[in-house]
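Novice: Listed here are the chains, written in short residue letters.
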Amino acid sequence: MNPFSSGTRLRDMIRAIRACKTAAEERAVIRKECASIRAAISDNDQTFRHRNLAKLMFIHMLGYPTHFGQMECLKLIAAPGFAEKRIGYLGLMLLLDERQEVLMLVTNSLKQDLNQNNQHIVGLALCALGNICSADMARDLAPEVEKLLQFRDPNIRKKAALCSIRIIKKVPDLADNFVDPVVSLLKEKHHGVLLTGIQLCTDLCKVNEEALEYFRKKCTEGLVRSLKDVVNSPYVPEYDISGIADPFLHIRLLRVLRILGHGDADASDCMSDILAQVATKTESHKNAGNAILYECVGTIMSVEDNGGLRVLAINILGRFLSNRDNNIRYVALNMLMKAIAVDAQAVQRHRATILECVKDLDASIRKRALELVYLLVNESNVKPLMKELVDYLEVSDQGFKGDLTAKICSIVEKFSPDKIWYIDQMLKVLSEAGNFVKASVWHALVVVITNASNLQGYSVRSLYRAIQISRDQETLIRVAVWCIGEYGDMLVNNIEMLDIEEPITVTESDAVDVVEIAIKNHSLNLTTRAMCLIALLKLSSRFPSCSQRIKEIIAQYKGSLLLELQQRSVEFNSIIGKHKNIRSALVERMPVLDEATYNGRRARSASAAVSTSLEFASNLSNGVIARTDVAPLVDLLDMGADEPVPPCSSGGNFLLDLIDVDMPSSSSQSGTTQPQKSGTDVLLDLLSAWSPPPQKGSPTTDIILLNQDDKPSVNALDILSSSMVPSGEAKPTGPYMMDLLDVFGPNPATPEESGPTFPPIVAYESSALTIIFNFSKRPENPQMTDIEAMFTNKSSDVYTDFVFQAAVPKFLQLHLEPASSNTLPASGYGSITQKLHVTNRQHGKKSLVMRIRLSYKLNNKAVLEEGQISNFPRDL
Amino acid sequence: MIRAMLVINNQGKSRLAKFYNYTPVEQQQQLIRSIYSVLCLQPENVSNFIEGGLLLGPDSRLVYKLFATLYFVFVFDSSENELAMFDLIQVYVEILEKCFSNVCELDIVLNYGKMHTILDEMIVGGQVVETNSDIVMKAVEEISKLETTTAGAKLISKSASLLWG
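Protein chains in written order, with my numbering: chain A, 1 to 876; chain B, 1001 to 1165.
These aren't lab readings, by the way, just hints derived from the structure by calculation.
What you are looking at is a predicted structure, and each value in this text was computed from that prediction instead of being measured.
Any given hint could turn out to be false.
[To be verified] Interface residues of chain A toward chain B, partial, derived using beta-carbon atoms under 8 Å: (1) 18; (2) 58; (3) 83; (4) 127; (5) 158; (6) 159; (7) 166; (8) 191; (9) 192; (10) 195; (11) 251; (12) 288; (13) 330; (14) 365.
Even for Gly, the Cβ is constructed at its ideal location relative to N, Cα and C.
Make the full structure from the sequences, and use the hints.
Specialist: Rendered as structure tokens:
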């Protein structure tokens, strides 16, 4: 230990800090050091003041607070010794900032030091002033700095020049004082002084318009001559940077010429020769040479038009693009991006090289090149450019595909010369990178296909081909499934074949296969699978031969845990099974949505950023599905809903309303525009009755009264619909819907007794058999519940010798009445009803529970099904 | 103008940090951390430039070069030539090489003050003042000579006074 030391030496402290293994250790060491430094400060210890400050600066670099050392800086600066001053100024630059009051105290010391004879002390003061000068200091010290611009030592002159830059930046009013000194600085031969003089000139031009004019008139020629001298000067080894003489001076000169030439034809003219010389003669094998060329290109681009030079400049950039150094390619792309605004034609000539850069190994270069390509696309070159980009999409790495796809889609939408090209390109993108395509893009594609009536056949066939090859691109599957649903007949019958197409043979069952594979693919999004169900419904009408198969596929989802699929399955199954008369009308093609309207809407929604909800709740597997999840789908199906739908005579918009049950606008429409002709209207209105609170005397209620004349049922419906209204966000659940649909079955289920009502339940459901319980209570005996069981058989076979048995725990008493029949018709045509009377002796304490057994004969083979019912409503 | 010059080692420790616009110390550390987190993820064989954007504020970019265990970083705005800044790193490192002959991280840590002296001879107020390594070297040597003589004289007189007193 040094005997004179109050603490450790700087080196020892650094070693101690470096030896720390953990951050906590380091903090402890620093805390100790700071404590001893503070102690030394309060003792006003002079001997080690500068060492302590040196330590503090190191501590500051590590990110610890050091404000307590600020006053020490000032004391050191005021000290006479050089070592103290140096540390003091270093501390001043690092620890203090221009906004602190302390800084006011240092102005005097600075003034003294600027007037010192020792050039190193003056140098220190100038350096500090250049780094931390505040506006007040600038005003106080400007005369000193100005004087120093003529100092004998060039090292001081150059620092004074840079100090002046700081001063005029802080106080632009002082600019005038520096104009004349700059003119003499620009005549200097010393490289360093010339360099800084030029820099000061550049900054003066930036802050003061008059100065700019003055220098333009007075100095342009001189600066051009300086550049000539530098370019033609014999090799100066001391300014050499990898073989190029003083590139920084070159660059500064070119930079100031850029400012002088900008917007001034005469000045630009004056410098065109030397610019041409720099552009052609500079050696481009080294980075330094390229830096000069790059600066020269920038200058040529900014000065007034000289066609020849600009072509030369852009060709230099073109050469840069094939340079092996990434940095060169990177700056070239940056510059080309700016050059496009100046001379797009010249940039276009390097399209091929730019396209190569899109395939660069360096991600930052790829990104830039892609942006540049995007700017280069126009109607005339879109086809070859697209081909390149789409080809590249196949091999590009995953991280880049998102960007690339977005740009490709945007280009296709903006510049497609015709629809068939648009469809072709989109299909290619969807097949290669469908998972990266945004929802709005494929929505737009569907709109385009629906509008292009002559290309629908072509589209669906192309999609069919595409999906055979790439089965894992979700968006492709969506579009394909949608189109097969809509235009399945065109796919199978090769309708509207184009000349360019190769004929394909697709059977009806092939088409259904595609949809079936998609819906069975569990990795796909819920929305996609829901779309598959709709497509199947549509195909069931278009391909009568596959109707039965489709029905079976749909029926498989009746038990799906995903509520959305389950509900659709139940609804569609019912439509296929029981409502053949309206089915074909329900599944007619979607009305065409006007492209202009759609685009307008899309633009609006894009600004509101709404279209993101598509993927929202896809991964909820427990069947609790957020409402937003289906919204885009509804939107897609209901493209015309906002627009006044022409009241079409067919039932085409029945489906609209079916799916659109909770969109207020359309339901009110259906309520008012549909005349009450047949039972199908009733179905429609019943379904749309979910959304608006039924108004007094609204068609809904009327129709039910009219058709059924059964008050309790109306009440029940009213309760149902009004109970739905408060929770308007929630989708109705399967059983309710089912029951409503069944109202129009051959055996309408009508609650017979009055009393407290309980919603019916699906007591049991197997692949083919469904049991629904309707409950009624006797007011005189709350323990007693009458249950009406309704058995429905959805399979294609008739069940004979049907027997229903039930068992209950001891606190219940069960009495079964004879069933209405023992034969259960197939396909849901008709049902068996049977009454059960249950007495609950623990009423209010325990809920009902029941074990059931069903035996029947299927094709003369005995079948037995068993189950337990525990989903009875409480309080029965 | 140049906004900052940083030397960060490959563990994220800052070895030299000079900001030419006033930046509070917390913000300095924050910047160093975020710059390091970007740099250490840069793959090899990519360009040495990074657009500032979110990282460093508007109109700013960054050039870096890795020498052994140290990243040398310049942060600057659009008034500087990117390729020239890249060369400036080269110049700075060449000067360090001349000062310390076979410079390593330890030299830089222990001669923290000298690093600043060199930097101050090259850059003042965010502008390049000198790129001739001989001139910079000469100035740095003169400064350290002055320092040791005055400091030495002081210490001798001090020790003398201790001895006699």
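Novice: With reference to the structure, classify each hint as holding or not holding.
Specialist: Verification of the hints:
With its C-beta approaching chain B no nearer than about 7 Å, residue 18 of chain A sits inside the 8 Å limit, and its interface hint holds. Because the beta carbon of residue 58 of chain A sits about 6 Å from the nearest beta carbon in chain B, less than 8 Å, this interface hint is met. A least Cβ separation of about 4 Å between residue 83 of chain A and chain B falls short of the 8 Å threshold, and the interface hint therefore holds. Of the supplied interface hints, the one on residue 127 of chain A holds, with its beta-carbon coming within about 5 Å of a beta-carbon of chain B, less than 8 Å.
Nearest Cβ of chain B to the Cβ of residue 158 of chain A: about 5 Å, under the 8 Å cut. The hint holds. Taking 8 Å as the C-beta contact cut-off toward chain B, the hint placing residue 159 of chain A at the interface holds, the least distance being around 6 Å. Annotation: residue 166 of chain A was flagged as interfacial toward chain B, and the flag holds, the nearest CB pair being 5 Å apart, inside 8 Å. Annotation: interface hint on residue 191 of chain A holds; nearest CB of chain B at approximately 7 Å, less than 8 Å.
With its C-beta approaching chain B no nearer than about 5 Å, residue 192 of chain A sits inside the 8 Å limit, and its interface hint holds. With its C-beta approaching chain B no nearer than about 7 Å, residue 195 of chain A sits inside the 8 Å limit, and its interface hint holds. At its closest, the beta carbon of residue 251 of chain A sits 5 Å from a beta carbon of chain B; the interface hint therefore holds under the 8 Å criterion. The beta carbon of residue 288 of chain A comes within 5 Å of a beta carbon in chain B, closer than 8 Å, and the hint placing it at the interface holds.
Because the closest C-beta pair between residue 330 of chain A and chain B is about 4 Å apart, less than 8 Å, the hint holds. Hint status for residue 365 of chain A relative to chain B: holds, with the closest Cβ pair at about 6 Å, below 8 Å.
Of the numbered hints listed earlier, not one is contradicted by the structure.
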